[in-house]
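**Student:** Note that the protein sequences, when read in sequence, are chains W and R.
Take the position in the first sequence, starting the count at 1, then add 470; the result is the number in my numbering.
Take the position in the second sequence, starting the count at 1, then add 470; the result is the number in my numbering.
Be careful, since some hints might not be right.
Beta-carbon label-pair distances, calculated as ranges [unchecked claim]: (1) R:Gly527 - W:Arg725: 57 to 63 Å; (2) R:Ala521 - W:Ala518: 42 to 48 Å; (3) W:Asp607 - R:Ala727: 36 to 42 Å; (4) W:Thr763 - R:Ala624: 49 to 55 Å; (5) R:Gly527 - W:Pro627: 41 to 47 Å; (6) W:Ala624 - R:Arg712: 39 to 45 Å; (7) R:Gly628 - W:Pro627: 19 to 25 Å; (8) W:Met580 - R:Arg712: 33 to 39 Å; (9) R:Ala521 - W:Ala586: 37 to 43 Å; (10) W:Asp736 - R:His625: 28 to 34 Å; (11) W:Arg694 - R:Leu511: 52 to 58 Å.
In case anyone wonders, no lab produced these hints; they're calculated from the structure.
Because the structure is a prediction, the values reported are computed rather than measured.
Cβ atoms here follow ideal geometry from the backbone N, Cα and C, with glycine treated the same way.
Next come the chains, spelled out residue by residue.
There are 2 protein chains.
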Amino acid sequence: MTRRGPARERRDDLQEDRPTVPLLTPRVAQPVASPAPEVCLQLDEWRALRASPDWTGRTLGFVPTMGALHAGHVALLARARAENERVVLSIFVNPTQFEDPMDLDRYPRMLEADVARARPFVDAVLAPTAEALYPDDYRYRLTEYSHSLRQEGAHRPGHFEGVLTVVLKLLHLVQPRRAYFGEKDWQQLELVRGMVEALFLPVEIVGCPTVRDADGLALSSRNRRLSAAARAQAAMFPRLLRSADDAAEAAAQLRAAGFEVDYVDDCKGVRVGAVRLEGVRLIDNVRVKDACTLAPIR
Amino acid sequence: MTRRGPARERRDDLQEDRPTVPLLTPRVAQPVASPAPEVCLQLDEWRALRASPDWTGRTLGFVPTMGALHAGHVALLARARAENERVVLSIFVNPTQFEDPMDLDRYPRMLEADVARARPFVDAVLAPTAEALYPDDYRYRLTEYSHSLRQEGAHRPGHFEGVLTVVLKLLHLVQPRRAYFGEKDWQQLELVRGMVEALFLPVEIVGCPTVRDADGLALSSRNRRLSAAARAQAAMFPRLLRSADDAAEAAAQLRAAGFEVDYVDDCKGVRVGAVRLEGVRLIDNVRVKDACTLAPIR
């Protein structure tokens with residue numbers, strides 16, 4: 471349970487001898503030979519499983535995703551496995567958080583491969599249809615009226631309304647003790663934490679460190695849409711975010727390096743940014759000030 | 471448990487020998503000598519009580535109110551008492567559902583009397599402050615974008631957003647098996663049911679029949695603001711709602727009878743309306759068509 475270092479689960483494209491950051495936190499559980507998870511495509515199947523004697527009264531860790539699992543997701547699953555008696559992964563490409571229908575269409579769907587990848591860590595996979603999750607046709611929405619309008623929210627109108635609404639639905643369906651979110655989507659994590667606090671949801675939100683490729687690029691299902699040249703260039707994104715003296719300088723340097731910059735913004739010691747390369751949108755964030763002292767981090 | 475007829479709890483202004491409709495449903499429990507309920511003014515007190523061994527694993531019935539309890543509320547409490555092992559009453563005059571600050575100011579506050587009245591039926595009373603229930607300063611809101619814009623919603627912009635948001639918060643805080651709402655606020659009941667279905671909230675919403683004075687006027691804390699003459703006139707409101715052939719005729723007859731009419735509307739076999747007398751706003755609804763056959767009811 472306390473073994474350090476990279477897990478056996480890895481991205482297929484990583485070389486065995488290639489240096490890499492540890493994919494998992496030290497508190498990770500080792501995956502053991504495990505039965506195939508229950509895959510629930512219907513909400514009723516899931517509800518029956520959740521209410522069964524083997525699930526009630528046990529701590530439940532929940533990892534909501536849009537699928538196309540990479541090592542970042544695996545880190546969330548491994549942490550959930552280590553901290554809970556039961557682990558549920560949801561895979562749902564949520565239409566209401568895509569303001570661009572093309573982006574929604576292009577989002578990869580690969581349920582079988584995802585289930586295989588998640589298998590060592592999860593007891594169930596919930597993969598419902600949009601019709602099942604939106605019986606109300608999206609008439610009921612959870613909206614945040616301040617922070618959600620900035621940064622990502624300013625560039626993706628309605629995005630966080632879709633995110634918060636679907637997370638709220640899933641939390642009610644799953645009723646987990648803990649839910650796991652990656653720090654890569656920093657603003658999303660902050661808004662979900664805020665929602666849980668504002669609405670008194672009985673769940674603990676666990677934020678997990680961003681998992682990066684060896685060159686520093688944060689893992690994302692969108693990275694695979696980059697050409698080799700753009701993929702190489704993309705590594706400059708977190709590097710310039712971190713090295714610049716302030717957000718404006720970071721934006722200027724990113725533009726000079728060939729990125730189209732949606733925004734770079736400093737907020738509570740974290741520098742968040744979104745850029746485009748070859749039309750592929752990348753987001754990332756780095757801590758530039760200590761969370762307690764707010765002294766600069768270099 | 472099956473005794474029919476009026477309960478011992480009555481409105482103080484009712485005469486003993488005055489004919490009255492049964493205040494309680496047949497499934498009602500008889501109140502027994504009961505200890506004083508726990509009154510939680512702080513959320514932390516409530517959370518500790520909810521997590522205590524005497525409360526976990528028991529069925530919990532929840533009656534959310536704005537206080538100023540009358541026999542309509544008592545009917546909800548009695549039904550909750552009959553159907554659950556523990557009963558919680560919340561008393562919270564929710565500022566976000568008042569679009570008129572004057573109406574909010576005038577809303578009666580009488581916690582001690584309310585607790586005394588509820589005592590035979592409840593195990594706990596949750597009476598938090600607005601600051602405690604809105605740590606987010608109302609940044610997070612639950613909105614419905616169709617039915618909530620009509621009828622009451624058209625006349626009270628933002629009203630249902632405030633109602634749904636506070637009900638959502640309270641349901642998370644209380645985590646009841648069942649929550650009880652009066653049918654008098656018909657549109658509210660429909661919207662709360664819709665929210666529970668859309669968001670997959672793990673609670674059963676129980677709608678309870680409107681309790682009326684002997685002359686037919688639905689009980690409401692606002693009735694006490696009417697002069698004796700207006701109070702007598704007010705009984706025409708449900709009567710004309712019911713007797714008219716359609717919504718337009720009901721509105722015309724109400725205006726002819728001296729009411730200021732906000733709206734009368736027929737929806738799914740129920741006629742809903744809102745009127746004003748002496749500036750006091752009254753709402754009510756009557757079923758005009760059978761719920762199954764949609765044949766007219768007379």
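**Student:** Give a verdict on every hint.
**Tutor:** Outcome of the hint check:
1. R:Gly527 - W:Arg725: 57 to 63 Å: Taking Cβ atoms as reference, glycine 527 (chain R) and arginine 725 (chain W) lie about 59 Å apart, which means the hint holds.
2. R:Ala521 - W:Ala518: 42 to 48 Å: violated (27 Å)
3. W:Asp607 - R:Ala727: 36 to 42 Å: holds (40 Å)
4. W:Thr763 - R:Ala624: 49 to 55 Å: holds (53 Å)
5. R:Gly527 - W:Pro627: 41 to 47 Å: holds (45 Å)
6. W:Ala624 - R:Arg712: 39 to 45 Å: Given range 39 to 45 Å: violated, Cβ gap about 52 Å.
7. R:Gly628 - W:Pro627: 19 to 25 Å: holds (21 Å)
8. W:Met580 - R:Arg712: 33 to 39 Å: violated (59 Å)
9. R:Ala521 - W:Ala586: 37 to 43 Å: holds (39 Å)
10. W:Asp736 - R:His625: 28 to 34 Å: Because 45 Å falls outside the window, the suggested range is violated.
11. W:Arg694 - R:Leu511: 52 to 58 Å: Taking Cβ atoms as reference, arginine 694 (chain W) and leucine 511 (chain R) lie about 55 Å apart, which means the hint holds.
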